[in-house]
Amino acid sequence: MDTGTIQSCHIVIDKVGKYFANENGGLWALRDLSLCVRRGEFLCVVGPSGCGKTTLLSLVAGFDTPTEGQVYCSGQPVTGPGPDRGVIFQEDALFPWLSVAGNVCYALHRRGIPRRQATQQAMHFLELVGLQEFAAYFPGQLSGGMKQRAALARVLANRPQALLMDEPFGALDALSRMEMQQLLLTIWRELAPTILFVTHDVDEAIFLADRVYVMTARPGRICRQLQVPLPRPRTAEVLTSQGLMDIKHEVLNLLLEANAQAHSRQRIVNPL
Amino acid sequence: MADRIASRSVSSRRRLDWLPFVLPAAVGLAWATLSYAGRVPEYLLPAPGQVAVTAADFVTGLWHCGPYSGTFIRHALASIERVALGFSLATVVGVPLGLLTGCSDAARRVLDLTVHSVRAIPGIGWLPIAMVWFGIGTPTTVFLIALAAFFPIYVNAALGARSVRPLWIRAAQMLGASRRDLFVTVIIPAALPTVADGLRLGLGISWAYLVLGELTGVPDGLGAVMMDARMMGYVQIILVAMLSIAILGRLSDLALMALLRRLLPPRFA
Numbered sequence: 023m024d025t026g027t028i029q030s031c032h033i034v035i036d037k038v039g040k041y042f043a044n045e046n047g048g049l050w051a052l053r054d055l056s057l058c059v060r061r062g063e064f065l066c067v068v069g070p071s072g073c074g075k076t077t078l079l080s081l082v083a084g085f086d087t088p089t090e091g092q093v094y095c096s097g098q099p100v101t102g103p104g105p106d107r108g109v110i111f112q113e114d115a116l117f118p119w120l121s122v123a124g125n126v127c128y129a130l131h132r133r134g135i136p137r138r139q140a141t142q143q144a145m146h147f148l149e150l151v152g153l154q155e156f157a158a159y160f161p162g163q164l165s166g167g168m169k170q171r172a173a174l175a176r177v178l179a180n181r182p183q184a185l186l187m188d189e190p191f192g193a194l195d196a197l198s199r200m201e202m203q204q205l206l207l208t209i210w211r212e213l214a215p216t217i218l219f220v221t222h223d224v225d226e227a228i229f230l231a232d233r234v235y236v237m238t239a240r241p242g243r244i245c246r247q248l249q250v251p252l253p254r255p256r257t258a259e260v261l262t263s264q265g266l267m268d269i270k271h272e273v274l275n276l277l278l279e280a281n282a283q284a285h286s287r288q289r290i291v292n293p294l
Numbered sequence: 007m008a009d010r011i012a013s014r015s016v017s018s019r020r021r022l023d024w025l026p027f028v029l030p031a032a033v034g035l036a037w038a039t040l041s042y043a044g045r046v047p048e049y050l051l052p053a054p055g056q057v058a059v060t061a062a063d064f065v066t067g068l069w070h071c072g073p074y075s076g077t078f079i080r081h082a083l084a085s086i087e088r089v090a091l092g093f094s095l096a097t098v099v100g101v102p103l104g105l106l107t108g109c110s111d112a113a114r115r116v117l118d119l120t121v122h123s124v125r126a127i128p129g130i131g132w133l134p135i136a137m138v139w140f141g142i143g144t145p146t147t148v149f150l151i152a153l154a155a156f157f158p159i160y161v162n163a164a165l166g167a168r169s170v171r172p173l174w175i176r177a178a179q180m181l182g183a184s185r186r187d188l189f190v191t192v193i194i195p196a197a198l199p200t201v202a203d204g205l206r207l208g209l210g211i212s213w214a215y216l217v218l219g220e221l222t223g224v225p226d227g228l229g230a231v232m233m234d235a236r237m238m239g240y241v242q243i244i245l246v247a248m249l250s251i252a253i254l255g256r257l258s259d260l261a262l263m264a265l266l267r268r269l270l271p272p273r274f275a
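In order, the protein sequences belong to chains A and B. Residue numbers for the first sequence follow my numbering, beginning at 23 and rising by one. Residue numbers for the second sequence follow my numbering, beginning at 7 and rising by one.
Calculated directly from the structure, the hints in this document are not laboratory data. Hints are supplied without guarantee of correctness; some may be wrong.
[Unchecked claim] Example chain A residues on the side facing chain B (calculated, C-beta under 10 Å, incomplete): (1) Gly97; (2) Pro99; (3) Pro103; (4) Asp114; (5) Arg254.
[What the hints assert, rightly or not] To give a feel for the contact side, a few chain B residues facing chain A, derived at Cβ under 7 Å: (6) Pro172; (7) Leu173; (8) Ala177; (9) Gln179; (10) Met180; (11) Leu181; (12) Ala183; (13) Arg186; (14) Asp187; (15) Pro199.
[To be verified] The following label-pair restraints were derived from C-beta to C-beta distances: (16) B:Gly210 with A:Pro136: 39 to 47 Å; (17) B:Ala90 with A:Gln163: 55 to 63 Å; (18) B:Thr120 with A:Tyr41: 55 to 63 Å.
This structure is a prediction, so every number in the text was calculated from the model and none was measured. Ideal placement from N, C-alpha and C gives every residue a C-beta, glycine not left out.
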C-alpha cells in the first residue's frame, strides 16, 4: 500500500500474513490480506467462523505480530497493545474482582486520574450505556448483555480513537443483540470513533457498517468490498428493508461460493 | 467439641445443623460403651469421663490432677507462637516467590528444579539437620514448620499466577496497563483465590510439623506435653493434648478463612 493511504487512513492492514506452526506442520490463518479503515468510519468484516477474523483483530490490537506485512495505526506501525485502540472481546473480559464502576475506572486509574474525578467520568459512561444503577454490582451478578455494556463503558471511558470489536454480541439473544447494535450506533454517532467490527452475522454487518469486507477462510483473505448505501440513522426497520436484503443476497452468494470452492479444493487435496 | 465451636462461629444465626455431630457422638458412645464395659484396659484408652475431667483440669487447674494442672494456656501459647512464626515465614517467602514463578518464565527456570527437588525430601527428613543447625527448641520447630508450609503455599501461588485468564491480561494491556500494573492489578487479584487455598493447606501442615518439632524435647508446647505424658504413662493427657491441637487447628483455619474473605473481593471467592 502506498504511503499516502497509510497516512490518510486510520487503520491500514498491508499485505498481512499470519502463520501458526503446529504439530501438523502449521497453517496460514491469514494470507496477503489488505484493508484500510478511514477515520471515523464504521467498518465490518464478515466471514465464516474460523476464517481468521479474531486473528486479524489481534494483529490490529497489537496482541500478536504478523508473520508477513505490516499493520499501521494513524500512520505508525503497530508494535503492541495501546489505549488508543479499545478492544471489545467476544468473551466476557471484565475483571471479576472489581465492581462495574471499578472496571470502568481501571484505565482512568492507570493514567493517574484522581479517584473522585475518575468515578465521575465512569458514572458518565455507565449512564451512556444505561448501567448507572449497576455501578456497585460485580460482573458475576450481571447478564451477558449487561456485561458487554459494562465492557463498552470500560473501553469508552479511556476515550480510544478506534474501537476493535470481535463478535461482541455473538453470545447474546436476538433481542439483546438488537438493543446493543442500536446502542453502539448511538455511541458511534455521539463519540465518532473509528470502528472495526468483525462478525459472522451478515445482517449485523450490513446493519451497522458503512462498508463491509467479505472474508473467506483457509487462508483468511478479503474477497470483496461492498458499500452499504442504507441511510442513517438506521432503525430496526432497516433489518427487513429491501436495500439490506439486496446486499445480504450478494454477501451470502460470495460466502457460499467461497465455501464451495474451499470444499472442492479439499476433495482434491484429500482423495479419501 | 471442635466441630461444635466451629459451626457456631460460622452459622450462629442459622438453626444448628445436627448432622455433623452424628459421627463424633457415635464414636463417643462406642468409646464409652467399651470403656465402662471394661473391654479396653485403661492404660491404652482411658474412659471418656476421666479424659473430660483431665481436660477441664488441664485448662482450669481446679481439680489438681497432676503436673499438667492448669498449664493449657502456657503450652497452647507456646505452640501458637511457633505456628504463627513458621507459617508467617512460609507465607512471606512462598507467596511472592510463587507468584513470580507463575508469571515469569525466567524465574520458573531458576527456581522450579531446586524447589521441587527439595520438596521431594519429606519434612521429617529435615529434623536431624535442623537439630544440628538450630539445636533443640523453638528455632528448630519454626524452621520445620516454615519449610513444610512453604511448598503448598509456593506451588499454589505459582499455579494461581499461571492460570490467570490470558483475556484479562490482554484487556488490561489494551486499557494501558504497564508490566508493573499487570502484576499488581491483574495477576495478584486473579491469583488470590488459589493463593488462599495454598495458605489454608500450609496452615494445616504447620500444625502437623509443630508436633514433630515439639516432640524433640522442648520444655513447652502441646507436642511436648504429649511426649512427656507418654513417658509417664499419662494417657489421658496425651488424648487431651491431641484434642487441643484439633480445636486450635480448626480455629486457626476459621480465623484464616475469615481474614481471607475480607481480603477477597465479594462475589469472587
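Interface hint for Pro99 (chain A), Cβ within 10 Å of any Cβ on chain B: 17 Å, violated
Against chain A, run the beta carbon of Pro172 (chain B) and see if the smallest gap drops under 7 Å. The hint is violated - Pro172 (chain B) has no Cβ within 7 Å of chain A, the shortest such distance being about 9 Å.
Per the CB criterion, is Asp114 (chain A) less than 10 Å away from chain B? 8 Å, holds
Chain A contact restraint for Ala177 (chain B) - C-beta distance below 7 Å: Check passed: Cβ of Ala177 (chain B) comes within 4 Å of chain A, closer than 7 Å.
Restraint: Pro199 (chain B) near chain A, CB-CB cut 7 Å. Satisfied or not? Violated. Min distance 9 Å.
Honestly, do Gly210 (chain B) and Pro136 (chain A) meet the 39 to 47 Å range at C-beta? 44 Å, holds
Restraint outcome when Leu181 (chain B) is required to lie within 7 Å of chain A by C-beta distance: 4 Å, holds
Ala90 (chain B) and Gln163 (chain A), beta-carbon distance inside 55 to 63 Å? 37 Å, violated
Hey, does the Met180 (chain B) contact hint survive, CB to chain A under 7 Å? 5 Å, holds
Have a go at the Asp187 (chain B) hint: is there a Cβ in chain A nearer than 7 Å to its own Cβ? 6 Å, holds
Interface hint compliance - Leu173 (chain B) to chain A, C-beta minimum distance less than 7 Å: It holds, given that the least Cβ distance between Leu173 (chain B) and chain A is near 5 Å, below 7 Å.
With chain A as the partner, please determine if Arg186 (chain B) meets the hint condition of a C-beta pair closer than 7 Å. This hint is violated: Arg186 (chain B) lies away from chain A, its Cβ roughly 10 Å from the closest one there, beyond 7 Å.
Figure legend: structure checked against the earlier numbered hints; hints not met, in rising order: 1, 2, 5, 6, 13, 15, 17, 18.
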